[in-house]
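*Asks:* Work out the full structure, taking the sequences as your base and the hints as a guide.
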Amino acid sequence: MRWIIKLDNGLAWLSTFCGWVACAAMILMAGNVFYDVFTRYVLNDVSIGMQEMEWHLYSVVFLLGIPYALRTDGHVRVDVLYARWSDKTKAWINLIGAIIFIIPFSYLIWKYGYAFAVESFSMGEGSADPGGLPHRWIIKSVIPISAVFTGIAGLNMATQALRVMSGEKTYEAKHGAEGLA
Amino acid sequence: MIGMIMFGVALLMLMFGFPVAFTFGGVALFFGVFAEGMDLFAFMPYRIMSVMQNTTLMAVPLFIFMGVVLQRTKLAAQLLTSMGRLFGGLPGGLAISTILVGALLAASTGVVGASVVAMGLISLPVMLAHGYDKRLATGTICGAGTLGQIVPPSIILIILGDVLGLPVGDLFKAAVLPGVVLIGLYIVYILILTRFRPEMAPAMPDDNNKSRSKEIRDALLAIIPPLALMVVVLGSIFAGIATPTESSALGGVGAVILALIYRQFSFKMIWDASKDTVKVTAMVFAILIGATAFSMVFSYTGGDYLLEEWMLALPGEKWGFVILAMLVILVLGFFIDFVEISFIIVPILAPVAEALGINMLWFAILIAMNLQTSFLTPPFGFSLFYLKGVSPPEVKTTDIYRGVMPFILIQIAVLAAIFIMPEWFGMSSSY
Amino acid sequence: QETFTLRLAETWGPNFPIFGDTTKNFAERVEKMSDGRLKVRIDSANKHKAPLGVFDMVKAGQYDMGHSASYYWKGKVPETLFFTSMPFGMTAVEQWAWFYHGGGMELMQEVYEPHNMLSFPGGNTGVQMGGWFRKEIKTLEDLQGLKMRIPGFQGEVFAEVGVNPTNIAPGELYTALERNTIDAVEWVGPALDLRLGFQQIADYYYTGWHEPATELQFLVNKKVWEKLPADLQEIMRIAMRTASYDMLIHSQHANAEAWATIKEKHPNVQIKQFPKEIFQAMYDANEKLLAEAAEGNEQAARIIESQENYLNQSRAYTDISTRAYLNTMTEVE
Ligand code: NA
Ligand code: NA
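Residue numbers (the working numbering), protein chains in the order written: chain D, 19 to 199; chain R, 6 to 436; chain S, 102 to 434.
Warning: the hint list may mix true and false statements.
Here are the simulated EDC-like pairs of lysine to aspartate or glutamate, each with C-alpha atoms no more than 16 Å apart in a straight line [unchecked claim]: (1) S/Lys373 with S/Glu261; (2) S/Lys373 with S/Asp304; (3) S/Lys328 with S/Glu103; (4) S/Lys366 with R/Asp44; (5) S/Lys125 with S/Asp144; (6) D/Lys129 with R/Asp44.
No lab work stands behind these hints: they were computed from the structure.
*Replies:* If you want it as structure tokens, here you go:
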């Protein structure tokens, strides 16, 4: 049991790390869009590179946000029955769901996303538009990276479920808008 | 047929309460791998990439960020309670204020995820804190938040313009009146409902220390800053300063500036707001990704051809055709994403409609109203999921499902009205 | 007899006029000519969701064929740029002559070969219009800082003369132009532009020079191609070639019709041509960018040279035939 707790905490740390990167990207993105509007309207200047940076950052926000939201149980559930179930039943649902849904799904996205990014890297792909960003593979590789971390967060969901089953931990009212002010 | 079975299984699986996004993805995985093999999922990176490059969806995190900052700085609560106070002893004031704020947001974005979630963050806590009925509160938010699809600018209208070959400008103009009527009817509904059931939407408490006129003045003063922010967001689109998507970033930055003015600003507040934004955004996009896997399996296993077949079997007489087409779209809207409907079904209907001498503009507005409804209809209405995702735990999925019913009925009523008396909405049913 | 079904991914939506008709036309012909032995199943952008993933998907064999435009792949393989249409380049007829008689096809296969694909001309739009402008462009000065939606190499040429190329999501183009968020939009030609409604919000419609003969492409995965028996390959070749030709005449027809509609229903729209000063600046910018592209890229240099030589030779004849004839027509009432 001790090692499961350790593993659980370690995996949770990885998801939190993803969240940290996504949060930073979020603030940068808001600033980026504002800056682009400002330079275009006030200074009459446009940079397609900066415009492309917007969707690069926005992609990081949601792709790395997904594992983070998994750890904080921020993904919406249909709770018609779920809310009434005991922690133990919930743990079973989460354990099985993580193993048959999240981990295989993440695996496939990782597998094909990796090939997708490698192809882009091998061609030296960049933007086709004037002043656009080079190195398209960087943003494409966020897809498999996100999949790896989502898979890890899935594993984490399983370890958490095991802790709950053993009675060492509870789910509290930990779903939906947990963490929102 | 696999596609149809998959819907049934997904529906069943959702009931277990596992996160919606991964239930979609997981069910799609089983059916996809079973029917087409693992390599079908080689399409997934492309699909995810198309979400990444869909810059219109950037409005989602940006609007959420604005909503969260307004919420954390209590400015949203102040806006809504003050607006509610203006209604004096009249119950339902908060709900009506929510609808009005929703209309403002609707005019500045065409992305439903953005407006529903922002509205959920801004007004749900306030309504619940003032003793509103959970169903009324959530229904109002879903209804108001989904207005963005019919009130221009609107993604549905742009897609329909493309698919039907109609100028977007004409569609936008034609959609204004139906949008306004819808907003009006929502308000009328709240007024009627609260007349008979005032306990569902208690009036704002009187401030006994203030005279009514002072109360109104204070309320107006409190409303102005956050309302000005929304007007600025909207104004920036009209003035050509920003595109609709970019305007949502102005909203976020504007909210931060308001926080500074009200001495609520701290770097921690921004960081926390960003964390909330990331979580909620991830929730919305995970659903989009799960749903795109789902629709991938649906169409690659022949679901799109099946739909085509059904569409071609519709009657060839004008009124029968329109009524059945609308019914089919409504029912499919329960299950299938509006983008799929616009691209798969509408192109099949369009030439038939044209041959029957149906006015395409009228037809397009009917479809748009219909598709807007699909965001609200259980079990797969995305608005419902999004709102659930930002609701406190005491709000159950069933509350939202039931709360949204009257609003669905209102939408269907307006749809019927446009159908029966197009002239009233400035259109005609035929050329 | 063995039958084959090829899956084709196109960059366009399912009912995108003219472009989408081209693939349907191709698929129908192939099936008829082969007496059902060869079928083509078309998947449009709404199904595969990857309008600009067609290159990768055909390369990887996820699709057997694609229908797209070569210049979209410029960010992946710079030399693909040259097989669609170049600013101040050849007309449709001249360019087809280059492809089929002037060594263009060989050069194109040389570029696509390392990516396990064959590329074939796939339909021409004819001369594309220069774009919708909200104010008249009289001098080079008027172009300075002008915000315009104009992608790709063409955008680079515009940027050289002072324009600010700007990215706007297609769904927001109309609103952006209407509200002056941007000043100009380049799209295709009357038939397709009319659908987006630009005639309602911009008065100046400029004539084109930047894409005089936009040729789409059919991409075929090489392994798939090699598996086809020789007669089916020939059927494919003929069907692609007729589809390409059919698209040019379809474009001519639809554009002429749409232009008549614009003239009748939108008298606000004025046709304009850039003044000589601007054309000269654009021409010089184009030459400069081509020289840059050729530098240190032997293959690109060869393609550019081949196109230049062919254009010079071909144009001299076009001048005394088509141009002379069109000039004659302006002499009489
Ligand atoms: Na809207
Ligand atoms: Na063009």
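*Asks:* The structure should be examined with respect to each hint, and the outcome stated for every one.
*Replies:* Tested hints:
no. : hint                   : verdict
1   : S/Lys373 with S/Glu261 : violated (21 Å)
2   : S/Lys373 with S/Asp304 : holds (10 Å)
3   : S/Lys328 with S/Glu103 : holds (11 Å)
4   : S/Lys366 with R/Asp44  : violated (51 Å)
5   : S/Lys125 with S/Asp144 : holds (11 Å)
6   : D/Lys129 with R/Asp44  : holds (10 Å)
Figure legend: structure checked against the earlier numbered hints; hints not met, in rising order: 1, 4.
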